[in-house]
Structures are given as C-alpha cells and as structure tokens.
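J.: So that you can map any letter, position 32 of the sequence shown is 32 in the working numbering, and since no number is skipped, the others follow by simple counting.
Simulated from the structure, these hints should not be mistaken for lab results. The structure presented is a predicted model; accordingly, all values stated were derived computationally and were not measured. Using N, Cα and C, we set each Cβ at its ideal position, and we do this for glycine too. Fair warning: there could be bad hints in the mix.
Label pairs and their computed distance ranges (CB to CB) [to be verified]: (1) Pro56 with Glu8: 16 to 22 Å; (2) Met113 with Ser63: 44 to 50 Å; (3) Arg103 with Lys41: 29 to 35 Å; (4) Ala10 with Glu104: 27 to 33 Å; (5) Asp99 with Glu19: 37 to 43 Å; (6) Pro56 with Lys83: 26 to 32 Å; (7) Leu62 with Gly85: 37 to 43 Å; (8) Ser136 with Asp111: 38 to 44 Å; (9) Pro58 with Ser95: 20 to 26 Å; (10) Pro58 with Gln110: 36 to 42 Å.
List of simulated lysine-lysine pairs, BS3-like, C-alpha gap at most 25 Å [said to hold, decoys possible]: (11) Lys121 with Lys83; (12) Lys83 with Lys65; (13) Lys53 with Lys28; (14) Lys83 with Lys64; (15) Lys28 with Lys83; (16) Lys28 with Lys41.
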Amino acid sequence: MAPGARSEEAWLWHTTVCEAIQEVPYGKVTSYAHIARLVGKPQCPRQVGVCLKHLPSPSTELSKKSPAFHSGNVPWQRVINSKGGISPRGPGAASQQADALRREGVEVSQDSMGQYTVDFKDYGWFPDVLPSEAASVEDSEDSDEDEEAAAYHT
1 MAPGARSEEA WLWHTTVCEA IQEVPYGKVT SYAHIARLVG KPQCPRQVGV
51 CLKHLPSPST ELSKKSPAFH SGNVPWQRVI NSKGGISPRG PGAASQQADA
101 LRREGVEVSQ DSMGQYTVDF KDYGWFPDVL PSEAASVEDS EDSDEDEEAA
151 AYHT
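Work out the full structure, taking the sequences as your base and the hints as a guide.
T.: What follows is the structure, given as structure tokens:
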C-alpha cells in the first residue's frame, strides 16, 4: 500500500461516515456518537471525529480535482459532542465551527470557560435511521406485513 493510501476498510468507513453526515439537515446538529450508531458502529464515535479531523479542503486549483468528500460538501460543523459541546481541536477551530453553525441559524452559546454549546432540544437531529435508509426499512416492514397477511389467508 502506498504511503498515505487508505486500506479498503478505512476507505469504506470514511465514505460511510461522510455520506451519513451529508444527511444531517441544514440548521441541525447531531453527535459523533449518533453518527456512529447510525452507521452501525455505536462503539466508534471517536473514529467519526477522526474522519472529520482529516477531512480535506476542496481543491482551489481548476486543474486539480477535489477529493470525493471534503469540507465543502460534508457539513462537518453539524457534528458535535454528546454533551452538546463543540470539541476544541486547535487554536480557533471551535470558534470557526460555532460561526459556521450560526450562519445556519443555530444558536451557539459560550460559557464562562469559553466552551461553545448547542441546545439539542432546539437543534438536535437524532433519527432512528438515516433518511436514505428509511425507505428500505419501510419496504422491509411492509414486506414482513405482506408475508404475515399472506400467512393468515392460506
């Protein structure tokens, strides 16, 4: 494997996480843990954070293609910690995330210690399944009901 190249498993994880985060609606937030649960790995919230930490910027060069997932098409700012806080990652990073959320109409508070928080009650997004998977879950439930109905009519 070339230096810097991802294994197939790492690439699949990164893709799955980024696609799930793309489904978080504008003006809403969710947690790293909830994304991990939605993608079937509830024990991996920190790895969701790692995906976002290593999310590249889109290419600004016309001759260079942007990566499939980048900070311009994955709404990284909509994922916060399970306490409703913006996790500090480096100088200015938390305030940058707070500003990005505010531009979406999300109210971000800052306490006396400088910690940025969002009220999940007002802005939280915690579906049981991803919207892109909801139709397939409903279809499988309908299929089960049809099978049960058929069993009663035989």
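J.: Could you run down the list of hints and mark each one as holding or not?
T.: Verification of the supplied hints:
Look at proline 56 against glutamate 8: about 19 Å separates their beta carbons, and that is inside 16 to 22 Å. Under the hint 44 to 50 Å, the C-beta atoms of methionine 113 and serine 63, about 46 Å apart, fit the expected range. Range check, arginine 103 to lysine 41: about 30 Å between beta-carbon atoms, so the 29 to 35 Å window is met. Look at alanine 10 against glutamate 104: about 30 Å separates their beta carbons, and that is inside 27 to 33 Å.
Between aspartate 99 and glutamate 19 the Cβ separation comes to about 25 Å, which falls outside the hinted range of 37 to 43 Å. Proline 56 and lysine 83 have their C-beta atoms about 28 Å apart, which keeps the hinted 26 to 32 Å range intact. One distance hint, 37 to 43 Å for the beta-carbon pair leucine 62 and glycine 85, holds here, with the actual separation near 39 Å. In this structure the hint that serine 136 and aspartate 111 lie 38 to 44 Å apart at CB holds, the actual value being about 42 Å.
Restraint check, proline 58 to serine 95: a C-beta distance of roughly 21 Å satisfies the suggested window 20 to 26 Å. At roughly 29 Å, the beta carbons of proline 58 and glutamine 110 sit outside the given window of 36 to 42 Å. Between lysine 121 and lysine 83 the CA atoms are separated by roughly 12 Å; this keeps the pair inside 25 Å, and the hint holds. Between lysine 83 and lysine 65 the CA atoms are separated by roughly 37 Å; this puts the pair beyond 25 Å, and the hint is violated.
Simply put, lysine 53 and lysine 28 have alpha-carbon atoms about 20 Å apart, close enough for the 25 Å limit, and the pair holds. Between lysine 83 and lysine 64 the CA atoms are separated by roughly 39 Å; this puts the pair beyond 25 Å, and the hint is violated. The suggested pairing of lysine 28 with lysine 83 holds, with an alpha-carbon distance near 15 Å, which does not exceed 25 Å. For the proposed pair lysine 28 and lysine 41, the alpha carbon gap of about 22 Å is at most 25 Å, so the pair holds.
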